[in-house]
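Undergrad: Sequence:
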Amino acid sequence: AGVCDGFIGNRILARYREAADTILMDGSTPWDVDEAMVNFGYAMGPYEAQDLSGLDIAYANRRRQDATRDPNRRYIPISDRMVDEGRLGKKVGVGWYRYPGGKGRVDDPLIEDLIREEAHFAKVTRTEISEAEIQEQLLLAMINEASDILGEGIAHSAAEIDLVSVLGYGFPRWRGGLMHYADELGVPNIVNRITKLAETDQVAWKLSDVLRHCERTGTKLSEYHLNRIDS
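Residues 3 to 233 (the numbering used here) are what the sequence shown spells out, left to right.
Calculated from the structure, these hints are not laboratory results. Check before you lean on any hint, since a few could be wrong.
As the list claims (entries may be wrong) - Once the Cα atoms are required to be at most 20 angstroms apart in a straight line, the calculated DMTMM-like pairs of lysine to aspartate or glutamate come out as: (1) Lys222 - Glu162; (2) Lys93 - Asp58; (3) Lys198 - Glu20; (4) Lys222 - Asp211; (5) Lys198 - Asp28; (6) Lys93 - Asp109; (7) Lys198 - Glu138; (8) Lys222 - Asp185; (9) Lys208 - Glu135; (10) Lys208 - Glu138; (11) Lys125 - Glu114; (12) Lys198 - Glu135; (13) Lys208 - Glu20; (14) Lys125 - Asp28; (15) Lys208 - Glu154; (16) Lys93 - Asp82; (17) Lys125 - Glu20; (18) Lys198 - Asp211; (19) Lys93 - Asp110; (20) Lys198 - Glu130; (21) Lys222 - Glu186.
Using the sequences and the accompanying hints, generate a full structural model.
TA: Written out as structure tokens, the structure is:
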């Protein structure tokens, strides 16, 4: 694998979290997002995972990216506000969830209030987002980012990304890895869905050139390392 900002897994993880925060802003809750991804096959969802690792880690990463962030890209400040208010995760007893007595997580209605307030500030009209929509948006966001990583030569094959996603980032092993799952969905279907999502946000949902190439040539992502976009 090559070297890029965050390497393979962290870059996909950053896009996963960005897409999850957008879903929060637009109409969901941390526990609904977590439940959706657990039902897909993850051991835990993105918000419980953040509470375990500490919200200050991702916060520091975002600050390092401030100078180079695309000004046209939608930025969701919910996680920043959490850190500003000292909600750093399980280690302090409160993050996306509350941990009374340092024990198991409990849904926190204060978080719902915070999300609604941020949506109001951003003039976002929140609408209910189904479990299927949550799963689709998060998985497509990761697949699109992973396809860019493949096209940039950071990963040398889809199999390399599959290995990283399963061994290092909790993607359900029985689904074979992120790109294996993408091939099961089918590239034409993925391109169609991302194109539809791009109608509401062209920056976040800019279609990967690799996906475009694979659709045009009838190539699976698992076969992409045998081809090149200019071929």
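Undergrad: If a hint holds in the structure, say so; if it doesn't, say that too.
TA: Cross-check of the supplied hints:
no.	hint	result
1	Lys222 - Glu162	15 angstroms, holds
2	Lys93 - Asp58	11 angstroms, holds
3	Lys198 - Glu20	18 angstroms, holds
4	Lys222 - Asp211	14 angstroms, holds
5	Lys198 - Asp28	17 angstroms, holds
6	Lys93 - Asp109	16 angstroms, holds
7	Lys198 - Glu138	12 angstroms, holds
8	Lys222 - Asp185	6 angstroms, holds
9	Lys208 - Glu135	18 angstroms, holds
10	Lys208 - Glu138	16 angstroms, holds
11	Lys125 - Glu114	16 angstroms, holds
12	Lys198 - Glu135	13 angstroms, holds
13	Lys208 - Glu20	14 angstroms, holds
14	Lys125 - Asp28	10 angstroms, holds
15	Lys208 - Glu154	15 angstroms, holds
16	Lys93 - Asp82	17 angstroms, holds
17	Lys125 - Glu20	19 angstroms, holds
18	Lys198 - Asp211	16 angstroms, holds
19	Lys93 - Asp110	16 angstroms, holds
20	Lys198 - Glu130	18 angstroms, holds
21	Lys222 - Glu186	9 angstroms, holds
When the structure is compared with the earlier hints, no violation turns up for any of them.
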